[in-house]
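Student: Please build the complete structure, drawing on both the sequences and the hints.
Line by line, the protein sequences are chains A, B, C and D. The working numbering puts the first sequence at residues 1 to 366. The working numbering puts the second sequence at residues 1 to 366. The working numbering puts the third sequence at residues 1 to 366. The working numbering puts the fourth sequence at residues 1 to 366.
Hints are supplied without guarantee of correctness; some may be wrong.
Same chains, same names: a pair is fine if it fits in one copy or spans any two.
[To be verified] Pairs of lysine-lysine residues, derived as DSSO-like cross-links and limited to a Cα-Cα distance of at most 27 Å, are as follows:
hint: 1; residue 1: 362; residue 2: 313
hint: 2; residue 1: 146; residue 2: 171
hint: 3; residue 1: 315; residue 2: 366
hint: 4; residue 1: 360; residue 2: 171
hint: 5; residue 1: 309; residue 2: 49
hint: 6; residue 1: 313; residue 2: 366
hint: 7; residue 1: 366; residue 2: 60
hint: 8; residue 1: 146; residue 2: 360
hint: 9; residue 1: 64; residue 2: 49
hint: 10; residue 1: 196; residue 2: 49
hint: 11; residue 1: 309; residue 2: 146
hint: 12; residue 1: 198; residue 2: 274
hint: 13; residue 1: 274; residue 2: 309
hint: 14; residue 1: 315; residue 2: 360
hint: 15; residue 1: 198; residue 2: 176
hint: 16; residue 1: 360; residue 2: 313
hint: 17; residue 1: 274; residue 2: 315
hint: 18; residue 1: 274; residue 2: 313
The set of hints was computed from the structure by calculation and includes no laboratory data.
4 protein chains.
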Amino acid sequence: MSGSVFGNRFKISTWGESHGEGIGVVVDGCPSGLFINEEYIQTYLNRRKPGQSEFSTPRKEADKVRILSGVFEGRTTGTPISLVVFNENQRSSDYSQIASYYRPGHADYTYDQKYGFRDYRGGGRSSGRETTGRVAAGAIAGAILKELGVAVYAYTKSIGPVSIDYQKCRKDLALKSPLVMPDLEASARAEEYILKQKAEENSVGGVIECIVTGMPAGIGEPVFDKLDAALAKAIMSIGAIKGVEIGDGFEVAKHTGFENNDSFFYDEDQNLTKLSNHSGGIVGGISDGFEIILRAAVKPTASIGRSQKTVNKSKENVDVQIGGRHDPIIVPRAVVVVESMVAITLVDYLFQGMTSRLDKIKEFYK
Amino acid sequence: MSGSVFGNRFKISTWGESHGEGIGVVVDGCPSGLFINEEYIQTYLNRRKPGQSEFSTPRKEADKVRILSGVFEGRTTGTPISLVVFNENQRSSDYSQIASYYRPGHADYTYDQKYGFRDYRGGGRSSGRETTGRVAAGAIAGAILKELGVAVYAYTKSIGPVSIDYQKCRKDLALKSPLVMPDLEASARAEEYILKQKAEENSVGGVIECIVTGMPAGIGEPVFDKLDAALAKAIMSIGAIKGVEIGDGFEVAKHTGFENNDSFFYDEDQNLTKLSNHSGGIVGGISDGFEIILRAAVKPTASIGRSQKTVNKSKENVDVQIGGRHDPIIVPRAVVVVESMVAITLVDYLFQGMTSRLDKIKEFYK
Amino acid sequence: MSGSVFGNRFKISTWGESHGEGIGVVVDGCPSGLFINEEYIQTYLNRRKPGQSEFSTPRKEADKVRILSGVFEGRTTGTPISLVVFNENQRSSDYSQIASYYRPGHADYTYDQKYGFRDYRGGGRSSGRETTGRVAAGAIAGAILKELGVAVYAYTKSIGPVSIDYQKCRKDLALKSPLVMPDLEASARAEEYILKQKAEENSVGGVIECIVTGMPAGIGEPVFDKLDAALAKAIMSIGAIKGVEIGDGFEVAKHTGFENNDSFFYDEDQNLTKLSNHSGGIVGGISDGFEIILRAAVKPTASIGRSQKTVNKSKENVDVQIGGRHDPIIVPRAVVVVESMVAITLVDYLFQGMTSRLDKIKEFYK
Amino acid sequence: MSGSVFGNRFKISTWGESHGEGIGVVVDGCPSGLFINEEYIQTYLNRRKPGQSEFSTPRKEADKVRILSGVFEGRTTGTPISLVVFNENQRSSDYSQIASYYRPGHADYTYDQKYGFRDYRGGGRSSGRETTGRVAAGAIAGAILKELGVAVYAYTKSIGPVSIDYQKCRKDLALKSPLVMPDLEASARAEEYILKQKAEENSVGGVIECIVTGMPAGIGEPVFDKLDAALAKAIMSIGAIKGVEIGDGFEVAKHTGFENNDSFFYDEDQNLTKLSNHSGGIVGGISDGFEIILRAAVKPTASIGRSQKTVNKSKENVDVQIGGRHDPIIVPRAVVVVESMVAITLVDYLFQGMTSRLDKIKEFYK
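Tutor: Here it is, written out as structure tokens:
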């Protein structure tokens with residue numbers, strides 16, 4: 001649990017600081033025979049790349065990925081896949097002053113408490129840039145899921161006061177919204193809200209929703225390794241996330257058992273279905289084969305230009321204004337990070353799921 | 001990740017079914033020299049024991065714990081501690097009919113999908129009774145935390161429409177409330193609400209809040225093993241939990257960075273403090289030494305007497321009424337389960353935290 | 001890595017001291033649908049039970065196993081299987097004096113160094129009695145392997161100066177030898193040797209050889225989790241083992257590449273075979289489908305009646321004679337422990353082996 | 001256990017193929033504050049670098065290491081350390097023909113069985129080149145051990161028929177021997193032996209011995225995670241190793257308890273010592289504070305020019321001669337790999353060892 005390794009069968013190990021040589025990930029446990037290349041992985045990285053609209057930092061980062069191992073003649077070999085993105089455009093100068101005080105909302109203080117000192121350049125390892133490795137690995141997990149008929153789709157559900165309804169949104173529209181909000185009217189209102197806060201050198205938060213379709217039933221472990229527990233950890237491990245919900249989430253606290261229970265029934269074609277999906281596709285920690293639905297609360301960007309109170313290393317109370325080029329909101333860029341963490345977790349569990357029944361194991365080795 | 005083992009340094013392995021021989025846990029990694037005995041562990045188990053008020057099942061279970069290993073002359077020896085609670089009063093007859101259909105809101109269907117069949121007696125391993133092992137291990141973790149000056153305190157924050165304010169509640173009052181709600185006026189209203197739903201053979205949900213005090217700063221791992229991520233998994237692994245929040249949780253989605261950032265400052269005595277604690281005591285996955293605050297959403301009891309639609313094994317749509325003696329609400333009995341999972345997680349992380357700095361490691365081995 | 005948990009997919013957690021309440025194991029990750037019962041598991045335990053000949057301690061232990069969870073209507077349910085053997089006949093008096101000094105060859109000193117004190121009754125957790133839990137779990141692993149067509153067979157290869165040749169031995173004869181040595185003439189000579197040493201209040205060591213047949217090719221992980229590396233750890237984790245070999249083992253140091261390489265060839269029926277098996281069925285950490293062969297060196301019983309020099313807690317040099325009823329040799333009783341650890345490891349790896357190829361994973365989930 | 005990740009607290013993840021882009025390792029769990037740089041790590045890599053004498057392949061590889069993360073202003077920050085060696089001089093042509101048949105003694109066949117196909121260029125991931133990542137990580141572990149006063153020293157104990165005595169060897173002489181054999185007279189005889197075999201296009205094996213001094217007593221876990229068991233796995237995970245011994249190893253099989261037990265005694269200065277060290281510094285899986293001694297059997301290089309029988313993919317029996325530039329012996333280059341694996345394992349266990357006693361944990365957090 002030393003911190004930067006995730007997963008059991010499908011195991012990823014990330015490394016890299018915001019202003020170091022680069023960011024990377026080693027994927028161990030990827031099966032042989034998966035066709036992947038740098039162009040494909042790049043499509044995932046491009047979704048979290050900054051500088052794509054006025055709603056993200058103007059910082060330009062190519063985030064060009066390179067595959068250093070584990071792929072031979074276009075296919076994975078079953079050995080570790082090392083992916084790296086070398087850093088560019090490191091204006092450390094932007095950050096030098098930060099060494100002297102603790103930025104509110106950032107991990108400067110806790111890192112110093114834990115390690116005795118820190119790489120203060122752009123937050124070092126605690127920077128959102130760390131998620132680059134997650135997304136590169138997420139691209140590989142996504143490719144595996146596609147082969148198994150599982151699709152993971154995340155989008156911006158709410159920003160500040162603007163929220164959309166999952167039933168009403170049209171997934172394809174997410175691409176048309178700079179906020180990845182699949183309801184263009186709502187997206188327009190959210191954009192307005194963000195620009196208003198941005199003008200005041202402030203930032204905003206929001207909620208990301210993620211839907212998984214095509215998940216087989218029976219995946220997940222009882223007790224401690226419940227599928228929803230693993231997803232909660234995976235999502236909560238993303239820097240700015242402060243809350244996670246499965247299905248109806250916190251709403252269940254206000255519901256009665258009769259309202260909350262999902263009834264099964266056979267439709268006219270004798271297919272088993274459910275009259276509702278309050279559980280969000282996971283019951284007793286195990287998938288039921290219906291849509292998995294989860295939400296994550298994303299806090300507003302901690303870095304804001306506006307003056308804030310904090311302390312410096314000379315033990316003085318000071319007012320600071322965080323320089324540098326910041327995202328007025330993290331949510332849109334975090335959507336693909338959520339998708340990636342969900343995909344990585346599902347692959348790990350689908351692999352684990354192969355050993356739950358002796359009859360299937362015998363058939364496999366027959 | 002086979003499911004029933006939790007933790008890395010402080011590792012617990014639970015076993016047992018609702019109507020099997022018993023329920024137990026093996027605690028591996030408990031340091032030597034901790035004074036514990038059966039009486040002490042029993043005080044934790046008694047808090048989750050049923051039959052203590054009209055708000056829990058009338059089922060009587062002694063839940064008497066026995067220590068089978070790892071303790072010699074009153075102290076832990078450093079070897080695995082095996083704790084067992086033998087089952088009594090198993091009225092399997094109550095459950096026999098359940099074998100034929102899938103109870104809405106229960107894991108009957110998902111277990112069958114995963115394993116091909118299931119121990120249908122009282123939910124078998126998916127029964128809330130599984131938490132007995134967690135609480136027994138939680139008692140040991142709690143004893144270790146006490147030695148380290150860390151206190152974990154959970155209580156019922158809301159039930160249905162009735163919610164209380166953390167600032168206004170008085171911890172000691174929790175003992176006076178059958179709902180473990182430290183605001184007796186609110187508790188009375190909640191009791192009324194539960195009895196009304198119970199009369200309609202229905203059940204209710206709620207929210208549990210947990211506060212950790214005395215936690216050292218610098219505990220938690222960056223990236224995937226963030227302390228809040230681990231707590232989220234620990235809490236979400238409890239059967240009926242559908243959502244987890246740290247600090248302001250989902251509220252952050254509506255806040256701005258200026259509102260959400262916690263400013264540091266030195267008080268007149270030159271002690272470092274914070275002007276707010278929106279982060280809930282964890283930043284960048286690492287504790288900051290202030291109160292850790294988390295909340296868990298508990299769904300209403302799935303077992304209700306009221307008639308519900310579902311399917312049976314003959315592939316028919318049927319109406320069922322769940323017999324047996326159920327809890328109209330799980331929340332009060334789950335409070336100590338939340339405390340236990342938090343305590344177990346914190347011990348694991350405090351042990352891990354000892355190796356983050358070379359200077360401290362050198363001092364330890366000097 | 002807290003010490004008493006072994007395995008990844010098929011995970012066992014053992015507990016118990018020599019003179020505590022009992023010894024047990026929790027098996028997590030056993031697939032559903034395996035038929036097992038107490039009688040079957042008992043057959044394994046009986047093989048390590050003492051008091052069966054003049055070559056083991058006269059101590060009588062029933063070692064009666066009980067299944068406390070994970071089995072329903074004769075089949076495993078996929079949930080943790082808790083197995084326990086309650087202790088009887090604990091003549092602690094035999095051991096009380098031991099508290100005052102460190103027995104040569106025993107872990108008394110290292111346990112005190114690690115934990116500050118120890119359960120000195122019969123060695124506590126460091127007693128050979130700890131292996132009871134391994135063997136109970138080994139019985140379950142053995143049952144799974146049988147379903148998959150894999151057989152694990154261990155026997156006594158040498159005792160002191162008496163050694164037998166794998167090619168010449170007849171497996172079935174092992175049952176006829178009180179030393180589990182499948183060459184009765186050699187067994188007779190070994191028995192004589194042991195009795196001679198026993199008469200001088202001394203003890204002897206030996207070598208156990210283990211053969212695995214029916215193992216599929218392609219099982220094992222490259223680099224750190226090589227199948228032979230995992231087997232080496234599993235075997236070396238047995239108390240008295242001081243060396244492990246795979247295939248030709250230490251002999252390879254004296255061989256040339258031309259002698260040591262195993263040539264493949266197709267026989268007249270076009271079946272792939274090998275002209276030799278110096279590798280012992282594992283190459284590059286992965287099984288090649290031929291016999292897996294390994295050997296373990298077992299040290300002589302540390303407890304001997306003969307007078308030995310050591311120190312006591314009053315920091316004095318003293319001469320001691322270990323009282324109690326000891327085994328003049330551990331080897332025969334350890335044979336089933338070796339078989340058990342090999343079986344547990346193979347099951348873990350066969351489960352892991354199901355995820356190495358995408359095409360097979362897709363087929364599984366089709 | 002997906003294969004390329006090793007360790008628990010001090011966790012390393014290696015990647016890379018013989019003829020891919022490069023070889024690397026990510027070290028997670030290294031404490032903050034350790035001074036390291038590329039020059040220091042290079043000194044370890046240079047010890048396994050080929051082309052340094054007529055006893056290793058003439059293949060020239062710079063093996064220049066680069067630190068990509070985890071180090072800031074010369075010190076480790078506590079975050080993952082990514083180390084990479086980019087490959088050069090990849091004469092894939094040497095290996096193209098290998099794709100068509102299975103080299104005796106190599107993992108070609110087992111990799112194909114496991115993954116369905118393989119990166120056949122120079123053995124891909126199964127190449128000895130994989131150990132580059134282990135040695136780079138070993139350099140970091142070695143630096144940590146030095147800070148803790150622990151020294152790991154390995155050398156060539158035997159080659160073919162030539163063996164040296166640990167008591168007689170002079171460690172410093174190892175540097176003067178091209179075979180890392182600290183007895184120059186024996187080294188000369190071994191060199192002669194190797195050249196004779198090399199002339200016949202053959203290869204030879206040997207034994208590496210490793211001595212650890214300064215190890216604190218009380219390190220290691222009981223039962224499955226015994227320190228010797230972990231070392232056995234670590235060593236056996238090195239490609240060409242076929243056997244591992246601790247202390248007297250296989251010799252114990254021929255000894256009596258009286259001969260094998262190590263007696264404690266207090267010398268005139270009242271220091272606790274032992275009259276012998278047959279146990280090799282580990283008893284009951286826990287270090288006793290005396291020298292740790294282990295040995296590893298290294299098989300002769302599988303690649304030999306001499307003609308050998310094998311099969312090709314057209315299912316024909318063929319005679320092959322392995323082209324390319326091979327090591328006539330692996331032993332000398334493997335010495336630093338053994339040292340590295342031992343160092344990595346010891347660091348992992350020293351970190352684990354910090355949590356065995358409550359009194360010490362309390363002191364740490366005071």
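Student: Please name the hints from earlier in the document that this structure breaks, with their numbers sorted from lowest to highest.
Tutor: 4, 5, 7 and 11
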